[in-house]
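There are 2 protein chains.
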Amino acid sequence: MTKDDTYHLLYWPGFPGRGELIRLVLEAGGADYTDSALLPDGVNEVMALVQGKAPDDGRNPPVLAPPALRHGDLLISQTPNILLYLGARLGLVPRTAEDDGAVYRVNALALTALDGLCNEVHDCHHPMAVGLYYEDQKVEAARRSEDFVKNRLPKFLGYFERVLGSKSAGEGGWLYGGQMSHADLVLFQCLDGTKYAFPKAMTKLEKEGAYSKVFALHQAVKEVPKIKAYLASDRRQKYGKGLYRYYEELDFEA
Amino acid sequence: MTKDDTYHLLYWPGFPGRGELIRLVLEAGGADYTDSALLPDGVNEVMALVQGKAPDDGRNPPVLAPPALRHGDLLISQTPNILLYLGARLGLVPRTAEDDGAVYRVNALALTALDGLCNEVHDCHHPMAVGLYYEDQKVEAARRSEDFVKNRLPKFLGYFERVLGSKSAGEGGWLYGGQMSHADLVLFQCLDGTKYAFPKAMTKLEKEGAYSKVFALHQAVKEVPKIKAYLASDRRQKYGKGLYRYYEELDFEA
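Each protein sequence line maps, in turn, to chains H and S.
For the first sequence, the UniProt record's numbering assigns the number 1 to the initial residue and increments by one for each residue that follows.
For the second sequence, the UniProt record's numbering assigns the number 1 to the initial residue and increments by one for each residue that follows.
Next up, chain H with everything else stripped away, as it sits in the complex:
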């Protein structure tokens, strides 16, 4: 692939989901990209991929699940992997010639946000089986959500508050090295989705002020000009019955 190849995101239409994490990085990096979720035949392209019907191109392993990214000859899957690829290419990692550790430090922060505020939030509404409807696991979903709000959410918010207060964060309110990286965009989207799923808890925690740096980061990302323009565009999809969902019976108090 060359610098000039257009990026092509492969993801389900109809909800932001994990594809949104990739979109935010593409948008913040000013990349030229297409998005299967917004193309008329896009859903068939994703279906062929996950059903193993995409041709064996001899270079890229089969893909199990979207999101996937096509860039020239390269086709890669796995959200944190795509973020890493794009972060490095779009100038979203504060990398210096004498210290390639930044790539791995930022990757760890992105992975931790995904673990705690993306995967665990998904599992709150699907704790038993991804192949079953929410309605078939409501009792377990309530038990898991209550534990998430009480124990896991403060743990992850507290961790990122510590990161933002550490010397390695530098000045400016970003997670690492004094400049916005793809980890900040990931944390933004994770917080944004968690606010949608658990508004009672997140509103209370934001008001109480113990995680003020974390909530300030959410606000700061919103104000980044390229992100602000994106969020106001119709490319930004509405939350619904995807990864981040709102169910009144799961909306526990913090």
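A portion of the hints provided could be inaccurate.
For chains that are exact copies, the list does not tell them apart, and a pair is met inside one copy or across any two.
[What the hints assert, rightly or not] The calculated lysine to any residue pairs, modelled on SDA-like cross-linking and capped at a C-alpha distance of 20 angstroms, are: (1) 155 <-> 62; (2) 213 <-> 172; (3) 53 <-> 154; (4) 150 <-> 65.
In short, the hints are calculated from the structure, not lab data.
Here the structure of chain H is known, so what remains is to put chain S in place on it, guided by the hints.
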């Protein structure tokens, strides 16, 4: 960090857990390393890290959870991140000058194995809350385990069988590019742990032969001279009440 710095793994003592994925890469790569799990004061070092009592060194963000890896000035966390760092450094990625895509293709394979056969197997015995005992979530654990064995396990085994049969795998029975990468070591350990946790299902699936390439990879990794020596040493810890656990009541038939 320089090429000569010793690697230091920070992980809990007493069970192989996620630390084992890192150990296998260090061993296969012939790296000089120390392991907190085998050091007299190691557990206190890990405790200081996760309790936020480690000094702020000005370079590395705080760590939420082990495993972590120290290499010279660098301290990084998150299993797939550490695997990526070591894989590249220890010659375990079939990288060529004209194609840096190998790094990302191998990383996607490692992440997919970790998702399906490590994180999901953990969640089989802890589907409700990581902070509760297994005994407090036995009913849900049985429901989740039954679904895992019936639906998720064949899905992931089938995916890796497809990967091993694709052109990108090349010759030799490895996942990518005709040579053993850290993704093969990850898949080995994931299969090994899943065999321990669900022996009935795994024995049946191995006998039936639908995933013969996958089970052959498990055997092939065992026979790699450095890995064979490691598995026979007392550095290889026994499974117990860690990430991979055996409970008779969760040992469903495939």
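Now the hints, each set against the structure:
{"no.": "1", "hint": "155 <-> 62", "in the structure": "between (36 angstroms within a copy, 13 angstroms between copies)"}
{"no.": "2", "hint": "213 <-> 172", "in the structure": "within (11 angstroms within a copy, 51 angstroms between copies)"}
{"no.": "3", "hint": "53 <-> 154", "in the structure": "between (43 angstroms within a copy, 18 angstroms between copies)"}
{"no.": "4", "hint": "150 <-> 65", "in the structure": "between (31 angstroms within a copy, 19 angstroms between copies)"}
In the structure shown, no violation is registered for any of the earlier numbered hints.
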